[in-house]
Each structure stands twice: as structure tokens, then as C-alpha cells.
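Asker: Protein sequence lines correspond, in order, to chains A and B.
The letter at position 323 of the first sequence is residue 323 when you use the numbering used here, and the numbering goes up by one with no holes.
The letter at position 45 of the second sequence is residue 45 when you use the numbering used here, and the numbering goes up by one with no holes.
Hints in this document: simulated from the structure, not taken from any laboratory.
Just so it is clear, the structure is predicted and the values come from calculations on it, not from any experiment.
Just so you know, not all the hints are guaranteed correct.
[To be verified] Stretches of chain A that chain B covers, calculated by requiring three or more beta carbons in the stretch to come under 8 Å of a beta carbon on chain B:
#1 135 to 146
#2 270 to 280
[Stated by the list, open to error] From the structure, some residues in chain A lie toward chain B, with a derived Cβ separation under 8 Å:
#3 Y68
#4 V72
#5 Q156
#6 G160
#7 P198
#8 W200
#9 Q201
#10 G253
#11 G260
#12 L266
#13 G292
#14 S293
[To be verified] Computed, partial: chain A to chain B, Cβ under 8 Å:
#15 L76
#16 W159
#17 E161
#18 L163
#19 D252
#20 Q258
#21 P262
#22 L286
#23 R289
Note that beta-carbon positions come from the ideal geometry of N, C-alpha and C, so glycine has one too.
Number of protein chains: 2
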Amino acid sequence: MGGPVTGLAIIGSTGSIGRQTLDVVRSLPDRFRVVGLAAGDNVSLLEEQAREFRPRLAGAGRDPEYAYSRMVELGLNCQWATPEEMASHPDVDLVVIATVGKAGLSPTLSALRSGKAVAIANKEVLVMAGHIVTAEAKGHGGEIRPIDSEHSAIWQCLWGEPLDAVERVILTASGGPFRDSPLEELASVTAEEALRHPNWQMGQKITVDSATLLNKGLECIEARWLFDIPLERIEVLLHRESIVHSLVEFRDGSVKAQLGVPDMRLPIQAALTYPERLPGTTAPRLDLRRIGSLNFGAIDMKRYPCLGLALEAGGRAGTYPAVLSAADEVAVQHFLAGHIGFLDIHRVSESALAAHRGAANPSLDEVLEADAWARAWAEDWVKAKT
Amino acid sequence: MGGPVTGLAIIGSTGSIGRQTLDVVRSLPDRFRVVGLAAGDNVSLLEEQAREFRPRLAGAGRDPEYAYSRMVELGLNCQWATPEEMASHPDVDLVVIATVGKAGLSPTLSALRSGKAVAIANKEVLVMAGHIVTAEAKGHGGEIRPIDSEHSAIWQCLWGEPLDAVERVILTASGGPFRDSPLEELASVTAEEALRHPNWQMGQKITVDSATLLNKGLECIEARWLFDIPLERIEVLLHRESIVHSLVEFRDGSVKAQLGVPDMRLPIQAALTYPERLPGTTAPRLDLRRIGSLNFGAIDMKRYPCLGLALEAGGRAGTYPAVLSAADEVAVQHFLAGHIGFLDIHRVSESALAAHRGAANPSLDEVLEADAWARAWAEDWVKAKT
């Protein structure tokens, strides 16, 4: 294969995106060196990964002393490091932010302040603090590459395009498991039903967010920051098959789309190997002759009130997107635990947004305060209801 | 709008592509100066165009003395010039080859030898002499931009991509007016029926070639030269709606597609304004919500024997593609005149290819000889049959 070797730090290596990132590394062993692996609480998987990839740096969020002692016991000669230390380490060229929720925020900023390239799968990083993250990237010559399939599609469609050429960005949405359910049944759907995504295998929280389309709303806010385009020029298009991952309409009327089988290893690899494309050995090839038909339609905003809520929060900007994201996270946890109904997810978030008094252009501390406030508000809402 | 002004020579200004090129110029009047207009035999339209665009250079293929005297009579202060003179004139930056058949060959070579950018709509130029044309472009720093919607799509999908990234090029084909006709009825279809293309308004010859899919085969040969990719990695995909104009599969499994309403002004504008994209005022916007469904399928090679023939001629290379193109042109003329049946178009071309003794890496003269030989062969075939 040849070519330069990229030093990787993977923050969130034991989660779904982290594991698939290591799959990509396995298929291109000459091109990557795993310098750092940071896990959350899955220490046994971290051990396994460290045995295979022999990183110089390792870390775990929960019970780090125990985790470290296990590594020593196993004879793995790792230096123990926080995600922030890994993200700024001189041997690291590219930091993969594969965490969920606000955990990705601080290592992302650490990486960007060190001028590293950052591949972001964690949408809350940009939803909560897009204005801070993009300013840090600009200020230190850092680079943000998306991993989310939709944003990877838009990013790939923009390669080689003039900066002022974009008319609209069009995010596709499968519509989730309830796209065809009668509206009156939505109040009584179960967590199990909400977790049956028609096309993608993902974590629980994002799967429920894909059923409400809150996830798509957060993706619109993420796209706004990644591609420096106003929300008014970002559209959501219903596309049942999740084959067209997203599209860009240019101002001359030409439209470009990126397509592929629904397999996260494809956008992960694109982010890891950019600006090259290397042979992928893992995911099956797209065969449109076999797929036959790709279907598109308008989004029914009545079916997906969380999408409207997210676009509203994105429009108000400041701390509102952080409040929405945090309130939704609490609400989804309680929905998955059976404490509240599916439609309550929207009610919790709506109530938090309505009660919030936000700051414009907030500092990181103000964003984190708003996040904490919204979590408390949402917990109170659920307590009052149950 | 601002930006530099591009000096244009339009070779074939009164044909379908030439007229639509002038439409694009009309919508972006500050960005283009029409330096030269070369017509075939439609002198009255050339007069009209010269009155509107005031080119420094004009020319007509048929009856040039009469045409010139008309221009003088009308007080149009044009210098009379051949297509070759226009294509190499110092005031010209970009030459649009909007002719049909081998007429585009000599002005294309003239432009490339002068280091100009050439926007090619005339597929015979590359089908007949791709090896010569691409060598001239390389040798003199000239540039070839495609206008055909399929090739424009591939070209746009390749912007910003690494050169070694392409796995396959996938050309879409609508299947023409007979895609659903029972095979046994094809022998008796009329010229009128063959001219009813489901999606595109085009000239007669290319419309019949779209019914046999010979046109798609020539496009594969054209793509082979434009994108320097072996024929084996070029595929044809049935796509009824002509919305996805073509696709590129990269070696990492990612696929990019270019989409748009079927309107030739879009790819013409892309070729004229490259590397910029400017607001297009003329063509309607693509709305996938309204279109609803895009359909794809395999090509039935039994229905379209001319496609197999073209791929075979492309594989044999040398003078074979020129022979196929010339024999088909004669056959289509006789089909349109009612002298032979629809299925005879294939028989004429097949017989010419079988009889031809081709040269490898032929000179331009050898290509033109092969063209003349094939025309004579095809005329004889028709004469013997009728």
C-alpha cells in the first residue's frame, strides 16, 4: 500500500463507532498506528483492544485505577492518559471522537488547540458548542472531518467545489420505525418498537432519536457548523432506503449525492484516509441494479414534532441547542426505562426549551451550565409526571 | 457578478447544443464574450445570432460566399473564419464543439494545439480519435471538458478526488422509447416511434441512437478517453427517469452521483463556468420530493445488441470505433428515411465491423479513411437490401 502512517487517538474506542474505527484500522494496517485508546467503562474490551493494537497511551473513564492495574497486570506497557492528553499528544495526527454526549467536547477542543485533525462522530460536540469548536479549528489550523454518514456525504460532495457554490444542503432521513404508523398509535409505542431501526444498527439513544427525528434536527445544527451554512438552507428529505446518504444542491442547479450501503465503516474510512481513498475490504459494494428503487418524499412535520423543535432551537442558537440535546437525553433514558411514553420525549424537550433563558454566544462554561440546568429540569418533569 | 470574462468560440452554433450554449451566455452576459460563431448550413439563424452577440469571427460550412455577403449586407462587421481559425484565435479562451459527426474533429485538434480549453458535446471526436485528441491535450496543456450530461456528471463527481480513487464509472441509460416493447415488435417500429425519447429533447440521430443504445456504447468509449479508465471498468445502468446523470464508484466503496433535471443547459453551463459555479437562471430546480422515486435495473443486452457491438468496437480500439460510428450514421439516415428497418441499424454496423481490417494506433488520416470506407460499405449494404 505505501503512503504515510497516521497516528490515531480514538476517544471512545469501546463504543459502536470506536469498534468500527478499529475495524477500518485492521483492514489498512500499514496506514495507521493506534497511539491512544480511551474507553468509558468497558475495561475488559479496552484490555482486548490494547492487546491487539499496543497503543502507547490508554485510559478509561470509570474506575481508572482498576483499569490501569489490569493493564500493568497484563504486561501492556501503556502510559495512562486522559482523553485530553491523548488528543494533544505529539505522536497523534488524527483524533477520532467516538464518544456520545458531552464527553467528546473537551478532547475535541484539546485536539483542535494542538492543531490536529479531528474526525467527529459525536454530534453533541457541534450541537452544544459549534461556535466554540469551529473558532478553535480556525484559530489553530485544525481540521474537522465528519463521520456521521449524512455529513460525510455532504463533505464528500463538497470536495473540489468552490466555497460559494452551495445553494442548499439536503439531509436524508429514513423516517425511522414509525414512519408509516398511524399517528394515534405513537403515544403507546414501546421502547422495543422504537429500537427497531429499518436500516441502521446503532446505539440505543441515537436509534430512539431517529424514531422522533430529533436526531435529524441535531444533524441540521451540526451541518450548519461543519459547512458554515445558515439553517434556512438546510433541508430534510425523507428517503426510506438510507442509500443516498445526503445531497448538495449547487447554485447552478446541479445536485451531487453520495451513496453507499448503510455501513458506518465507509464514512469512518473516508474520514481516516482523507484526502486519499483506499481500497475498503470490509463493507459490501452498492449494487443499484439489485436495490432497484430509491424513494423520496416530504417530511410530515406533524409526525415528527421533535424535528421542528430542533430547528427552532438551532435558529435561536446560543445555549438552546445544548438545552434541547440534554433534555432529550434524559427523556430518552426514561422512555427506554418505561417511565414515560414516546410522545413525552417531545414534551420534556419542549418544556425545557420554553423555560430556558439562554445566553447568546455563550462561553463553554455557560454551555455546560445550560446542559446541567436542562438535565435537572427534565428529571423534574419526569418526576412530576410519574 | 464580477469575475473574468471568457472568450468563446462556438463551433456549430445553430444546432441544438449551440443554441443552448448561447442561452447560457444570455443568462450570464457579464461572464462571456462570444468571439466566434461557426454554423453549418443554417445561415439565417447565424445572421440572427451574429446580430445579437456581435462576434468578431463568423463562418458557415455550406455556401460561405453567400453567407458572408449576407453578413456584409446586414452591416455585421465580422471577419470571416474557418472553425479551425476560430478555435485557435488569441481572443478565444474556450472552444465549444457543438457539431455532430466528424465535423468537430479538426477544430478540436486546432484548439488543443493552441492550448485552449475545449468543451466537447460532439462524441464522435473522442470515439473516432480519442487517442489523438487526448495526446494533443496533454502535449499542449489544453483541457477537455465534457458537455454530454453523463460525462459532465462523472466529471463533476471527480472534482477534488484523488486520481487513483476510481473503481468504476457507471453511465445511466433511460433505455429509450422501446425499453418496454415486446422484442418481436422491434423489427417493425417506425422512425416516428423511435424519435419519441421518454426524457430528452435531442437531435434525430442521437435520439435513434438512444433507442438502440448505440449512443450509450459510444458514450462508454468517450468516457474511456475522457477519464483515462479501461472499458472493463465502465458500466451501464438502466435508469428510467434520467435524473441521476451518472455515478462514480470509488475504491473505498463510496459512490458519488450527479443529479439534475434533464436540461442540457446545466451541463453546458458547468463546462463554461468551470472551475466556478454560477447561479443558473434558466433550468428548473430538481425536487426529489415531487419526483418521488428513482428506478434502476440491469441492461438487457438482447434488447440492445448495438450496445454490445459498441463495447466490442471499443475493446478492439484503433479504427473500429470510427467504423462503427460511420456505419451507424448511414444506417440511421436510411432508417429515418424509411429505407431499412430498426433492427437493420444493428445489422449494417455489425457487417461493417466484421468486414473491416483495422489499424492499431491509427493516424488521423487512417481514421478518416476508415470512416469513408465504412460509409461506403453501409451504403452498399442498404443498396443490396432495398
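Asker: Hint by hint, say whether it matches the structure.
Answerer: Hints versus structure:
{"no.": "1", "hint": "135 to 146", "verdict": "violated (count 0)"}
{"no.": "2", "hint": "270 to 280", "verdict": "holds (count 8)"}
{"no.": "3", "hint": "Y68", "verdict": "violated (37 Å)"}
{"no.": "4", "hint": "V72", "verdict": "violated (38 Å)"}
{"no.": "5", "hint": "Q156", "verdict": "holds (6 Å)"}
{"no.": "6", "hint": "G160", "verdict": "holds (2 Å)"}
{"no.": "7", "hint": "P198", "verdict": "violated (17 Å)"}
{"no.": "8", "hint": "W200", "verdict": "violated (16 Å)"}
{"no.": "9", "hint": "Q201", "verdict": "violated (17 Å)"}
{"no.": "10", "hint": "G253", "verdict": "holds (4 Å)"}
{"no.": "11", "hint": "G260", "verdict": "holds (6 Å)"}
{"no.": "12", "hint": "L266", "verdict": "holds (5 Å)"}
{"no.": "13", "hint": "G292", "verdict": "holds (6 Å)"}
{"no.": "14", "hint": "S293", "verdict": "holds (5 Å)"}
{"no.": "15", "hint": "L76", "verdict": "violated (31 Å)"}
{"no.": "16", "hint": "W159", "verdict": "holds (3 Å)"}
{"no.": "17", "hint": "E161", "verdict": "holds (6 Å)"}
{"no.": "18", "hint": "L163", "verdict": "violated (10 Å)"}
{"no.": "19", "hint": "D252", "verdict": "holds (4 Å)"}
{"no.": "20", "hint": "Q258", "verdict": "holds (5 Å)"}
{"no.": "21", "hint": "P262", "verdict": "violated (12 Å)"}
{"no.": "22", "hint": "L286", "verdict": "holds (5 Å)"}
{"no.": "23", "hint": "R289", "verdict": "holds (5 Å)"}
Hint check: violations occur at hints 1, 3, 4, 7, 8, 9, 15, 18, 21; the rest are consistent with the structure.
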